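Build out the structure end to end from the sequences listed, making use of the hints.
Protein sequences appear in the order of chains A and B.
Counted from 1, the first sequence has number 65 at position 65 by the working numbering; the numbering is strictly sequential.
Counted from 1, the second sequence has number 324 at position 324 by the working numbering; the numbering is strictly sequential.
Just so you know, these hints were derived from the structure itself, not from any lab.
Since the structure is predicted, the reported quantities are computational estimates derived from the model, not experimental observations.
Don't take each hint at face value.
Below, in silico cross-link-like pairs of lysine to any residue (SDA-like), each with a Cα-Cα straight-line distance of 25 Å or less [what the hints assert, rightly or not]:
#1 125(A) with 275(B)
#2 216(A) with 206(A)
#3 80(A) with 43(A)
#4 80(A) with 7(A)
#5 7(A) with 253(B)
#6 179(B) with 238(B)
#7 78(B) with 162(A)
#8 179(B) with 10(A)
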Amino acid sequence: MLRYVLKRLGLMVLTLFVIMTLCFFVIRLMPGSPFDDPENSPALQALLEEKHHLNEPVPVQYYYFWRDIAADGYWGVSLKIEPNVPVWQVLRDRIPVTLSLNLMSLLIAIPFGILAGAASARFRKRLPDHLIGILTVLFISVPSFVFASGLQYLLGYRGPFAIIYNSTGTPGEKLFSLLLPVLALSFWPVATICRYLRGELLENMNADYMLLARAKGLSEAQSISRHAFRNSMVPLVNVIVPLITGTLTGSLVVEKIFSVPGVGGIMTQALAARDYWLVMAVLVFYSLISLGTVLLMDLLYGVIDPRIRLAGKREVTG
Amino acid sequence: MNAPLSPRQNVLRRLRKDRAAVIAFWILVFLLAMALFAPNFNEYTYRQQMLQEDYVNMPPRVQALKWIPLFNGRAVLKARPLSSLSDTAKYPEGCVIRTFNERTNRGITVVDAEVDYYLYKGADESVNFWFGTDTLGRDIWTRVWRGTRISLLIAFVSVLLDLLIGTAYGAVCGYYGGKRDLILMRIAEVVQAIPNVVLCTLMILLMGGGTGTMIVALACRGWTGTAGLVRAQFLRFKNREYVLAAKEMGASDARLMRRHILPNAAGPIITRTVMAVPSAVFAEAFLSYIGLGVPAPEPSLGNLLAEAQSVLGLYPTQTLFPALIISLLMIAFHLLANGLRDALDPNEY
Chain A
1 MLRYVLKRLG LMVLTLFVIM TLCFFVIRLM PGSPFDDPEN SPALQALLEE
51 KHHLNEPVPV QYYYFWRDIA ADGYWGVSLK IEPNVPVWQV LRDRIPVTLS
101 LNLMSLLIAI PFGILAGAAS ARFRKRLPDH LIGILTVLFI SVPSFVFASG
151 LQYLLGYRGP FAIIYNSTGT PGEKLFSLLL PVLALSFWPV ATICRYLRGE
201 LLENMNADYM LLARAKGLSE AQSISRHAFR NSMVPLVNVI VPLITGTLTG
251 SLVVEKIFSV PGVGGIMTQA LAARDYWLVM AVLVFYSLIS LGTVLLMDLL
301 YGVIDPRIRL AGKREVTG
Chain B
1 MNAPLSPRQN VLRRLRKDRA AVIAFWILVF LLAMALFAPN FNEYTYRQQM
51 LQEDYVNMPP RVQALKWIPL FNGRAVLKAR PLSSLSDTAK YPEGCVIRTF
101 NERTNRGITV VDAEVDYYLY KGADESVNFW FGTDTLGRDI WTRVWRGTRI
151 SLLIAFVSVL LDLLIGTAYG AVCGYYGGKR DLILMRIAEV VQAIPNVVLC
201 TLMILLMGGG TGTMIVALAC RGWTGTAGLV RAQFLRFKNR EYVLAAKEMG
251 ASDARLMRRH ILPNAAGPII TRTVMAVPSA VFAEAFLSYI GLGVPAPEPS
301 LGNLLAEAQS VLGLYPTQTL FPALIISLLM IAFHLLANGL RDALDPNEY
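See the structure below:
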């Protein structure tokens with residue numbers, strides 16, 4: 001087990017290293033300097049560049065980059081959005097907003113997805129299954145930002161709900177104003193869970209042990225909930241990684257639509273302003289979440305299925 | 001008796017029985033045709049700004065569909081002084097359809113007036129913006145379909161690249177195996193572990209926004225999935241008797257891969273490829289939305305949605321049309337992919 005964990009951990013660290021190196025060189029090799037500003041005198045510009053080590057050769061800068069992170073935990077400061085504020089401090093207030101937005105939509109999505117999937121499998125090829133099937137295709141296909149715009153117009157402008165995030169209100173008002181973005185983000189995970197669970201359940205319902213369960217006198221509903229359902233939940237771990245990364249991606253745009261002060265909004269701003277180190281921090285944040293989820297799921301797999309642990313790897317899916 | 005069916009005929013026959021997939025296919029044909037030809041259906045170009053005539057934020061009007069409220073070219077002007085409505089210099093004869101919501105504001109009686117917006121702006125019957133115009137006075141019909149064309153172009157080419165690179169990569173890994181496989185797959189695994197947003201952002205920062213960049217950015221992670229799939233199929237089939245027999249008869253490596261092993265992987269590859277197109281459409285729209293996509297004035301579905309979003313409360317039709325088209329595209333591709341998957345792999349329930 002230890003070897004397996006170390007292996008996965010090693011791959012994660014390697015990937016993060018590759019991402020940060022890529023980030024660094026992309027940012028450094030772009031033409032121009034962040035301090036190219038007609039208002040800056042040449043002397044000031046030289047001073048600023050010296051301060052940020054921009055006047056030295058790129059490999060030396062690369063060395064400084066890692067030394068600063070390793071020695072002082074210094075990831076650079078925001079250059080444009082909030083000048084001279086360390087990047088993680090800029091993100092400190094925003095990360096919890098993004099995380100809570102995403103977690104809320106997932107927490108809403110999971111029970112509904114499971115219910116819909118179970119109902120769909122239970123009433124296979126009958127009206128509920130067809131209806132859920134249509135909704136599933138709709139929810140999987142239509143992008144979250146289209147849902148976001150639609151909800152914002154129909155329930156926000158035309159209805160009683162908050163149009164944008166209420167950042168000055170009481171906690172209750174804040175939560176209320178998060179309702180629409182959470183809703184917009186949860187359609188896709190609901191449908192994904194539903195479709196996956198339906199497939200798994202249908203497969204399990206044909207298994208021999210289901211025949212036995214019915215033979216010993218369990219009702220259809222009992223045999224599904226006690227036997228088929230439990231076996232179907234294990235592979236559901238498969239969809240959790242795409243669910244989390246997918247929702248996080250969608251929230252980038254949904255946050256922008258509803259003016260939610262999260263990481264998504266700052267990323268858009270930082271990209272537009274070419275605020276390099278801030279962009280880097282945001283990208284590292286997204287990578288960490290994504291890599292962390294993958295690692296967690298790999299470990300869970302190892303716990304659930306000893307064959308994977310022993311072989312040391314699993315087939316990469318999706 | 002019926003003649004025996006070739007595998008391809010078999011798949012097509014099963015696909016044709018799937019009503020949803022057939023409808024999806026024709027929807028896609030329609031959208032593709034519109035994307036190719038519709039921008040030329042009227043005299044406006046995608047970047048022409050009709051600012052002199054002040055044709056800004058015009059509501060949609062289609063003469064033949066005037067009975068539908070959406071296309072009647074009317075708009076509501078809020079809080080206009082009642083007395084000013086009779087001023088024909090400002091409100092041409094007959095342009096006010098009805099007034100409602102009469103109220104007094106600081107001693108002046110104001111009303112909301114539903115007006116024939118085209119008449120109000122001094123445009124005659126010959127001026128029709130089928131989907132309206134945007135905040136810069138550009139024809140949305142032309143922009144939406146041109147945007148669809150660009151989004152589809154980016155999606156198709158990036159998926160094609162993904163397919164070519166992934167197949168070649170996976171084939172080499174699966175066929176030769178050994179150390180080469182180990183190293184190549186490790187690289188693919190690392191690339192795959194980088195989140196799509198991060199990789200695309202970096203590529204676009206590096207190369208600057210544009211259609212070509214978008215294609216490369218979208219393809220540069222997608223191929224890993226195809227490679228894994230092809231590799232698995234190669235591992236499964238490379239030691240089959242017929243492959244060994246062909247090898248014994250002196251077939252070259254390339255021929256073995258192309259003629260004897262690859263056809264086995266065709267089914268899953270086709271399904272994956274069709275599935276990848278809507279993902280690419282989504283990714284393009286998403287990147288354009290956060291300002292990384294095709295630069296203005298070139299439209300794409302994501303650009304159009306992002307531009308329209310800022311005036312959603314005032315002019316919802318500007319969002320409606322691109323949103324409808326992107327949704328329709330995604331739904332149709334998903335349905336077609338589902339149908340193909342079932343037709344290619346009939347064992348799945």
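Hints, one by one, checked against the model:
1. 125(A) with 275(B): holds (24 Å)
2. 216(A) with 206(A): Holds. Residue 216(A) to residue 206(A) sits at ~16 Å (cutoff 25 Å).
3. 80(A) with 43(A): Measuring from Cα to Cα gives roughly 20 Å; hence the hint holds.
4. 80(A) with 7(A): violated (40 Å)
5. 7(A) with 253(B): Violated, at about 34 Å.
6. 179(B) with 238(B): holds (17 Å)
7. 78(B) with 162(A): holds (22 Å)
8. 179(B) with 10(A): Given that 25 Å is the threshold and the Cα spacing comes to 19 Å, the pair holds.
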